[in-house]
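Participant: Numbering (the working numbering), first residue to last: 166 to 455.
If you're looking for bench data, these hints aren't it; they were derived computationally from the structure.
Watch out, some of these pointers could steer you wrong.
[Said to hold, decoys possible] Lysine-lysine pairs mimicking DSS-like chemistry, simulated, CA-CA at most 25 angstroms apart:
1) K227 <-> K209
2) K437 <-> K194
3) K209 <-> K167
4) K222 <-> K397
5) K437 <-> K348
[Said to hold, decoys possible] Quick list of simulated restraints, FRET-style, between CB atoms:
6) H377 <-> L455: 36 to 46 angstroms
7) R254 <-> E284: 33 to 43 angstroms
8) D404 <-> Q261: 13 to 23 angstroms
9) S452 <-> D402: 36 to 46 angstroms
10) S376 <-> P298: 43 to 53 angstroms
11) D314 <-> P206: 18 to 28 angstroms
The beta carbon of each residue, even a glycine, is placed where N, CA and C say it ideally should be.
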Amino acid sequence: MKIALDPTPFHHTHSLLEFPALAAELGYKYLQLTPHQDLLPFFKHPKADDALVADLKAACRKAGVEVASVLPVHKWSSPDPVLREAAVRYWKRAIQITVDLGVNQMNTEFSGRPEQPEESEAAFYRSMEELVPLFESEGINVAFDPHPDDFVEEGLAGWRVIRGVNSPNLSFAYVAAHTFHMKDEPLEIMAAVGERLRVVHVADTMNHHASHGLRYITNPPGNAVRVHQHLKIGDGDVDWDEFFGGLAENGFTSREETVMVSCVFAENENAKEVARYQLRTMQDYVSSTL
166 MKIALDPTPF
176 HHTHSLLEFP
186 ALAAELGYKY
196 LQLTPHQDLL
206 PFFKHPKADD
216 ALVADLKAAC
226 RKAGVEVASV
236 LPVHKWSSPD
246 PVLREAAVRY
256 WKRAIQITVD
266 LGVNQMNTEF
276 SGRPEQPEES
286 EAAFYRSMEE
296 LVPLFESEGI
306 NVAFDPHPDD
316 FVEEGLAGWR
326 VIRGVNSPNL
336 SFAYVAAHTF
346 HMKDEPLEIM
356 AAVGERLRVV
366 HVADTMNHHA
376 SHGLRYITNP
386 PGNAVRVHQH
396 LKIGDGDVDW
406 DEFFGGLAEN
416 GFTSREETVM
426 VSCVFAENEN
436 AKEVARYQLR
446 TMQDYVSSTL
């Protein structure tokens with residue numbers, strides 16, 4: 166298993182090419198590349214040319230850090246055909262960048278709309294028809310996160326959508342910060358996906374269902390909002406003993422191809438201290454379950 170840093174908290178304080186050295190400074194051997202204006206911006210065409218990709222690869226080599234996964238987010242499940250077709254084009258370039266970096270793991274979201282679930286699912290499978298052959302020919306594995314405010318938000322429902330593509334190159338990403346939006350129990354999800362659990366994101370969150378659904382109040386009642394946080398381990402309601410125990414039972418922490426990512430976004434003012442705390446705490450939990 167690879168333990169990686171998500172550098173999102175540092176996007177406004179460090180340049181793209183500084184991320185590898187930063188990860189090394191914080192004790193990480195691996196990095197997850199998330200949407201960044203100079204590389205893979207949200208919903209837009211990738212902005213890195215071959216020279217920048219080569220420079221990033223060289224920066225990783227100099228720092229002794231590897232890219233464990235690449236995370237683009239594009240609207241490939243959009244019911245709007247113009248946006249869906251554009252997203253497929255963007256994905257093709259993102260795949261080439263990933264291959265050029267020497268990486269074989271990508272992770273992402275379904276990127277559809279919850280108010281149009283059937284149209285979004287149809288668009289998703291249409292995009293898969295175009296891109297799965299490329300994933301398979303390039304040896305790329307893609308893990309999906311059922312993200313809040315997507316056309317599929319629940320854990321087992323998300324797994325069924327992935328399984329329905331019928332490709333061994335697609336897998337599941339479990340984001341701990343989304344635990345209370347996925348409906349299904351964490352251990353149930355981990356057991357169902359088995360070895361197709363390839364990526365986990367580690368961040369805490371509050372249970373928005375607590376206090377009979379009144380922990381968070383929006384006005385007017387019934388607003389279509391999804392509330393969650395990406396806090397450091399221990400600052401929310403996630404059962405971390407259960408989470409890491411489930412990963413051990415799943416075999417996730419013993420497999421070479423899996424990626425565990427620190428994804429805390431709520432404490433940028435203490436981002437370095439939090440990143441070190443996350444790494445130490447993840448390592449301690451993993452050691453205690455071996």
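Participant: A separate judgement is required for each hint: does it hold in the structure or not?
Facilitator: Here is what the structure says about each hint:
Proximity of K227 to K209 is assessed by CA-CA distance (about 29 angstroms); at most 25 angstroms being required, the pair is judged violated. Pair hint K437 plus K194 holds up; C-alpha atoms about 15 angstroms apart against a cutoff of 25 angstroms. Restraint check for K209 and K167: not satisfied, since their Cα atoms lie roughly 29 angstroms apart, outside the 25 angstroms limit. Between K222 and K397 the CA atoms are separated by roughly 29 angstroms; this puts the pair beyond 25 angstroms, and the hint is violated.
A C-alpha spacing of about 33 angstroms is found between K437 and K348, which places the hinted pair above 25 angstroms, so the restraint is violated. Range check, H377 to L455: Cβ separation about 39 angstroms, and the 36 to 46 angstroms hint holds. Distance hint for R254 and E284: a CB-CB separation of about 20 angstroms, inconsistent with the stated range 33 to 43 angstroms. About 40 angstroms separates the C-beta atoms of D404 and Q261, a value inconsistent with the hinted range of 13 to 23 angstroms.
A C-beta distance of roughly 24 angstroms is found between S452 and D402, which places it outside the suggested range of 36 to 46 angstroms. A C-beta distance of roughly 49 angstroms is found between S376 and P298, which places it inside the suggested range of 43 to 53 angstroms. A hinted range of 18 to 28 angstroms for the beta carbons of D314 and P206 is consistent with their spacing of about 19 angstroms.
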